[in-house]
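Undergrad: These are the residues of each chain, in order.
Number of protein chains: 2
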Amino acid sequence: MNAITFISPVTEEIKLVEDRMREQADSAHPDLRAALEHLMKAGGKRIRPTLGLLVGNMLGAPLEKLVTLGAAVELLHTATLVHDDLIDGSLLRRGTPTLNARWAPPATVLTGDFIFARAAKLAAETDDLRLMNLFADTLSIIVNGELTQMFNSRGLVNRDNYYKRIYAKTASLFEMTSHAAAMVSPANDETIKCMREFGYQLGMAFQIVDDILDFTGDQTSVGKPIGSDLHNGLVTLPGIYYAEANPHDPDILSLANGGWTNHENMTRLVENIRASNSTQKAMQEAENYVDRAIACLENIQPCAERDALENLAKYIVDRKV
Amino acid sequence: MNAITFISPVTEEIKLVEDRMREQADSAHPDLRAALEHLMKAGGKRIRPTLGLLVGNMLGAPLEKLVTLGAAVELLHTATLVHDDLIDGSLLRRGTPTLNARWAPPATVLTGDFIFARAAKLAAETDDLRLMNLFADTLSIIVNGELTQMFNSRGLVNRDNYYKRIYAKTASLFEMTSHAAAMVSPANDETIKCMREFGYQLGMAFQIVDDILDFTGDQTSVGKPIGSDLHNGLVTLPGIYYAEANPHDPDILSLANGGWTNHENMTRLVENIRASNSTQKAMQEAENYVDRAIACLENIQPCAERDALENLAKYIVDRKV
Chain A
70 MNAITFISPV
80 TEEIKLVEDR
90 MREQADSAHP
100 DLRAALEHLM
110 KAGGKRIRPT
120 LGLLVGNMLG
130 APLEKLVTLG
140 AAVELLHTAT
150 LVHDDLIDGS
160 LLRRGTPTLN
170 ARWAPPATVL
180 TGDFIFARAA
190 KLAAETDDLR
200 LMNLFADTLS
210 IIVNGELTQM
220 FNSRGLVNRD
230 NYYKRIYAKT
240 ASLFEMTSHA
250 AAMVSPANDE
260 TIKCMREFGY
270 QLGMAFQIVD
280 DILDFTGDQT
290 SVGKPIGSDL
300 HNGLVTLPGI
310 YYAEANPHDP
320 DILSLANGGW
330 TNHENMTRLV
340 ENIRASNSTQ
350 KAMQEAENYV
360 DRAIACLENI
370 QPCAERDALE
380 NLAKYIVDRK
390 V
Chain B
70 MNAITFISPV
80 TEEIKLVEDR
90 MREQADSAHP
100 DLRAALEHLM
110 KAGGKRIRPT
120 LGLLVGNMLG
130 APLEKLVTLG
140 AAVELLHTAT
150 LVHDDLIDGS
160 LLRRGTPTLN
170 ARWAPPATVL
180 TGDFIFARAA
190 KLAAETDDLR
200 LMNLFADTLS
210 IIVNGELTQM
220 FNSRGLVNRD
230 NYYKRIYAKT
240 ASLFEMTSHA
250 AAMVSPANDE
260 TIKCMREFGY
270 QLGMAFQIVD
280 DILDFTGDQT
290 SVGKPIGSDL
300 HNGLVTLPGI
310 YYAEANPHDP
320 DILSLANGGW
330 TNHENMTRLV
340 ENIRASNSTQ
350 KAMQEAENYV
360 DRAIACLENI
370 QPCAERDALE
380 NLAKYIVDRK
390 V
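From first to last, the protein sequence lines stand for chains A and B.
If you're matching positions, the first sequence starts at 70 in my numbering and goes up one per residue.
If you're matching positions, the second sequence starts at 70 in my numbering and goes up one per residue.
Just chain A, same shape as in the assembly:
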């Protein structure tokens, strides 16, 4: 696949989403405003609000609701990152210092809580109970997934666990965003169902690619050390493919007994996975998810947003960061 730079047709609308996000700290403590500003500057590509805007615009949803939804979803995502970085003790994300690299844990916990609170407030402001319910369910799925990861997933080489984990971590929020954007539009139930599925497939692909980039990415642009998942005991899809092809690899076998804490062995395992064809196999799987996502657009009338959603899906497997 050739390099695709995803040019968003919703660039101006994303600015409205960002304004909406910033407004949430308007009456908050100045240090909290500064923290939110720091997080927003570090803030990635706004893939989730872009997804919501494209789906909603395509189906004729009111812009105001899509902006509110986009801000709610992106703040929810931001809050989970704040608590994740604290939990992992990460000091860098996308090459930028994390909040907990600058602040003490208590302030970081509360900042995450505040951002959750404002995300919930925005979700309530969509004035749509179904959306509010979806939002609360998704938050539960994400947090329960993180707890399961913490208690059960370390050192585990297991496909089923992996898919559940990336659903909870990433695909659930993509799914919810696409679903909610369709739900606030005049689309029929069949279309709403398709857009939910589109978000799900896209989110699964997104996380698989993230997990591949942990092995293959440029450390500067990914912003964390190569193979950091494995060093944290998390076996992702490339590792699973490698384990399936090399079931007797001693480093793989060591994982079940906490072997992931051995830095030297894990560095070797990361190198072996990189040298194998496991990342390519994982990428093929991500591309299959993208193909299934694009198939969900089949019955949508051709339009600029539909094209943009296709490009977004292709961009997801083609991105370098």
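Errors might be hidden in some of the hints.
Said to hold, decoys possible - For lysine to aspartate or glutamate, the following EDC-like pairs were computed, each having C-alpha atoms within a straight-line distance of at most 20 Å:
| id | chain 1 | residue 1 | chain 2 | residue 2 |
| --- | --- | --- | --- | --- |
| 1 | A | Lys114 | A | Asp376 |
| 2 | B | Lys238 | A | Asp100 |
| 3 | B | Lys84 | B | Glu374 |
| 4 | A | Lys233 | B | Asp100 |
| 5 | A | Lys233 | A | Glu266 |
| 6 | A | Lys238 | B | Asp154 |
| 7 | B | Lys114 | B | Asp318 |
| 8 | B | Lys233 | A | Asp100 |
| 9 | B | Lys233 | A | Asp95 |
| 10 | B | Lys110 | B | Asp100 |
| 11 | A | Lys233 | B | Asp95 |
Hint data in this document are derived by calculation from the structure and do not stem from the laboratory.
Since the structure of chain A is provided, determine the placement of chain B on it from the hints.
TA: Structure of chain B alone, referenced to chain A:
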């Protein structure tokens, strides 16, 4: 005032609230279920759900909505306690080990997040957008208050800061509970406004008494060391009265320069405050709040719930834990 044991006429309904709370972890990770069970056993007097049930029953609200509201409010309260104890490093609450006394901080952060998520889900299940908005606003007020306390309030002897702090910390949730319970009933706007005010006055009284008990309480039943607020740099109403009467007390003067970190001096200051009439003055103020709360019931027809609300208000200033 004589000792009043508050006998709740909603004991059976509180059990429904507790069942509803427990259900929230049904599909969650087993360790999370165990954590919620531990928190519920440690769980206090369920004053907030009791308030909601009494107000709602009095005004003819549907029981199902009041149970959902009560569970949402109590879980929100529980989640803030979990993160608070983590932030303060508290190992005991009401004499029972806190979650962070048993678990590592990451698990404690996520458990709090999960309980927030389920509280939001319950709020959404009331199927009432106004209530959902109230809920999200209250969550923001609570968390912003905690951040302000962390950044600005330590060592500060200031009435205005104190009242704002206890509003954010406690009265906002009492206010929201009473307001929301009235809102889901067929009561008119005037009555809804009165019940909101009732919750506010009750909550202010409740926190003032909590702050008094930090000085006068029996350490075993309060479950934390005497004067712990002051040792943490938080000057509460008894300290403020003492400072007003003794503006040149060197320990009081030291607070502005971080003097609260000096354990010996603070132990002396706690003793001086206990020996003064400052806690009585603070109690008089709490009783004034209770009187104003009871005045809010003026236009309510006499009934068992109205009597119970009056008793609840009197119990709040008369409790020993």
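Undergrad: Take a quick look at whether B/Lys110 and B/Asp100 sit within 20 Å of each other, Cα to Cα.
TA: With Cα atoms ~15 Å apart, B/Lys110 and B/Asp100 stay inside 20 Å; holds.
Undergrad: For a C-alpha distance cap of 20 Å, please report whether B/Lys84 and B/Glu374 respect it.
TA: 18 Å, holds
Undergrad: Starting from A/Lys233, check that the Cα of B/Asp95 is at most 20 Å away, please.
TA: 18 Å, holds
Undergrad: For the pair we were handed, B/Lys233 and A/Asp100, check the Cα-Cα distance against 20 Å.
TA: 18 Å, holds
Undergrad: Would you check the hint for B/Lys114 and B/Asp318, treating anything up to 20 Å between C-alpha atoms as holding?
TA: Violated. B/Lys114 to B/Asp318 sits at ~38 Å, over the 20 Å cutoff.
Undergrad: Checking one constraint from the list: CA of A/Lys238 to CA of B/Asp154, max 20 Å. Satisfied?
TA: 27 Å, violated
Undergrad: Compare the distance between the alpha carbons of B/Lys233 and A/Asp95 with 20 Å, and conclude whether the hinted pair is satisfied.
TA: Measuring from Cα to Cα gives roughly 18 Å; hence the hint holds.
Undergrad: Would the hint linking A/Lys233 and A/Glu266 be met if the CA-CA limit is 20 Å?
TA: Holds - the C-alpha atoms of A/Glu266 and A/Lys233 are around 16 Å apart, at most 20 Å.
Undergrad: Holds or violated: are the alpha carbons of A/Lys233 and B/Asp100 at most 20 Å from each other?
TA: 18 Å, holds
Undergrad: Could you grab the alpha-carbon distance between B/Lys238 and A/Asp100 and see if it respects the 20 Å cut-off?
TA: 19 Å, holds
Undergrad: Within a Cα-Cα threshold of 20 Å, do A/Lys114 and A/Asp376 meet the stated pairing?
TA: 19 Å, holds
The structure is inconsistent with the numbered hints 6, 7, although it conforms to all the rest.
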